[in-house]
Amino acid sequence: MSALLSVTDAHVAYGKVEAVRSVSLEVGANEIVTIVGANGAGKTTLLSAIMGILPLKGRVAFAGQDLARLDIEDRVAMGLGLVPEHRELFVTMNVEDNLELGAFRIERNKAKASIERVYTLFPRLKERRKQLAGTLSGGEQQMLAMGRALMGEPKLLMLDEPSLGLAPIIVADIFRIVGELRAAGVSVLLVEQNAQAALKIADQAYVMELGEFVLSGKASDIAANERVAASYLGFQHEGESVI
Amino acid sequence: MNTTIMLFLVQDGITNGAIYALLGLALVLVFAVTRVILIPQGEFVTYGALTYASLAAGQMPGTAKLALALGIGAFAFDLFVARKALHGRLILRSILTNIALPAIVLALTVYFAAQKPPVAVSIALSLVIVAMIGLYLYRIAFQPLAHTSVLVLLIASVGVHLALQGLGLLFFGAEGQRGPAVLSGAFTAGALRFTGQSLTVYGITIAFIVGLWLFFGLTLYGKALRATAVNRLGARLVGIRTTLSGQIAFLLASVIGALSGIMIVPITTLYYDSGFLIGLKGFVAAIIGGLVSYPLTAVAALVVGLVEAFSSFYASNYKEVIVFMLLIPVLLLRSLAAPAVEEEKD
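Quick mapping for you: the protein sequence lines, in order, are chains A and E.
Here the working numbering is used: position 46 in the first sequence is 44, and no number is missing along the way.
Throughout, the working numbering is defined as the position within the second sequence, counted from one, plus 201.
These aren't lab readings, by the way, just hints derived from the structure by calculation.
Model, not experiment: these values are computed from the prediction.
Don't take every hint at face value.
Claimed, not checked - Under the rule of at most 30 Å between Cα atoms (straight-line distance), these lysine-lysine pairs were calculated in the DSS-like manner: (1) E:K285 <-> A:K55; (2) A:K14 <-> E:K285; (3) A:K128 <-> A:K153; (4) A:K128 <-> A:K108; (5) A:K108 <-> A:K124; (6) A:K124 <-> A:K110; (7) A:K55 <-> A:K153; (8) A:K153 <-> E:K266; (9) A:K110 <-> A:K128.
The shape of chain A in the complex, shown without the other chains (with noise of 0.2 Å):
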């Protein structure tokens, strides 16, 4: 069977200065994988030009089609889904609104039964259906993001370091719904500084540095490498170099 998401030596380049350099990677159906690696090694930067907010030379395909010439709202509507690092919510609108909008292109019926679905997984936005996104705390935010983004009903949900600033209990939450992303038939692309739980879920795994993947593999695999540890896993020694 082919891979739901395809990236074929993609570059990504902010004018001259590449931050990204002939990557490739897989994602298939019901899989979870994680792209770990340091700050500025470029992870954002591959979701967002995966997605057409940023240019990308080489190949992307999509459930067996070519993104190339493809805005991101056609992108949106294929099932490829993105929650951003900094959410995008529209922090002005009410939760249930935000939600709403995440079905915009959708059938109306069927985004009823999404939305319901989506307060299953998220029993907080319930509670909190009529409150501003932008009153919402951090955790809530990223919960509405990720409920957002479901409510397209994304074959493949790309996720930019959703635990970035969160609480530990929270961030547990947010894996465990990862988890059951899965379960229920939405593959997930997971960009994480948390190198040591995005590992834990995920089926595959990319380290990325400098623009490059240095490394890929089985997800325990790649945890199970004496550098990745060193380097992302908090057991690095004194005075060891990243690369």
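Dock chain E against chain A, hints included.
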């Protein structure tokens, strides 16, 4: 000054203020959604007013031809942008909205202009013609620049304003025109006399404001427009096309402009270039509302109308100066309250 004169001035101020409120709201809407400062709003006013007046006088308005010409331009843009991925449905849709629609409206206009149509038909035709002009202008002049800075959009906006004003002179001539009242008749209440026309202005303004409020609060497309205004990237990430939001915003703005013109032209003689000044007063209100707040804009518009009415009584030579001077303290206060905001990057 006695009470009667004061009441007259207040009445006059509120009538004008209601129209400035509509224009101000349209400016805020367009800016919030597309970041375009809509200088040509005044031309929508003149085009609406003079198209209506021409039709009522049994003349053929040139605006109907302009709509078709712009429609053909918009079609060409659609084809050019989609040149690598052309397919039948896209071409058909573009032909229908950009060519068939203005062609039908042009035919209707030719037909009705020859036989002095009833007021309702003139209004409907004028609104549709100006709405199409607004829509196609967005496609031609602003959509291709959607990703540029506010300054570039402003320059384009000034360009469109100048072009439309020149075309206005060509279509309607240098003579002023007046149109027939939308609602004739009048009644008096105490010292005040209410004409059917001024009641129409109040009624339509209130109906439009309530309508906009319902549209933005309850409908999916209204919410999508708000979402685009709040967070453009967020909107795109849920699949809302910024071009769609821009089209809706321009459609609303041009309809509001044309409607304002149709409401004014039975009260005041309008010239091809009168719209600019009227639009600017809506703009003053929008600026007082910080180009973001709808309620503040509506209130500010009423203040602008009242200040204008009173200053035309006390110092009619300086009436415009006084109205525009309202901006200075507001800008000063705003700049003190929120010093130097960097332009958002897109």
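We went through each hint and held it up to the structure:
1. E:K285 <-> A:K55: With Cα atoms ~18 Å apart, K285 of chain E and K55 of chain A stay inside 30 Å; holds.
2. A:K14 <-> E:K285: holds, 27 Å
3. A:K128 <-> A:K153: OK: K128 of chain A and K153 of chain A at ~28 Å, within 30 Å.
4. A:K128 <-> A:K108: Between K128 of chain A and K108 of chain A the Cα gap is close to 21 Å, so the pair holds against 30 Å.
5. A:K108 <-> A:K124: holds, 18 Å
6. A:K124 <-> A:K110: Between K124 of chain A and K110 of chain A the Cα gap is close to 14 Å, so the pair holds against 30 Å.
7. A:K55 <-> A:K153: holds, 24 Å
8. A:K153 <-> E:K266: violated, 48 Å
9. A:K110 <-> A:K128: Given pair K110 of chain A, K128 of chain A holds - Cα atoms ~16 Å apart, limit 30 Å.
Going through the hint list in order, the structure does not satisfy hint 8, though it satisfies all others.
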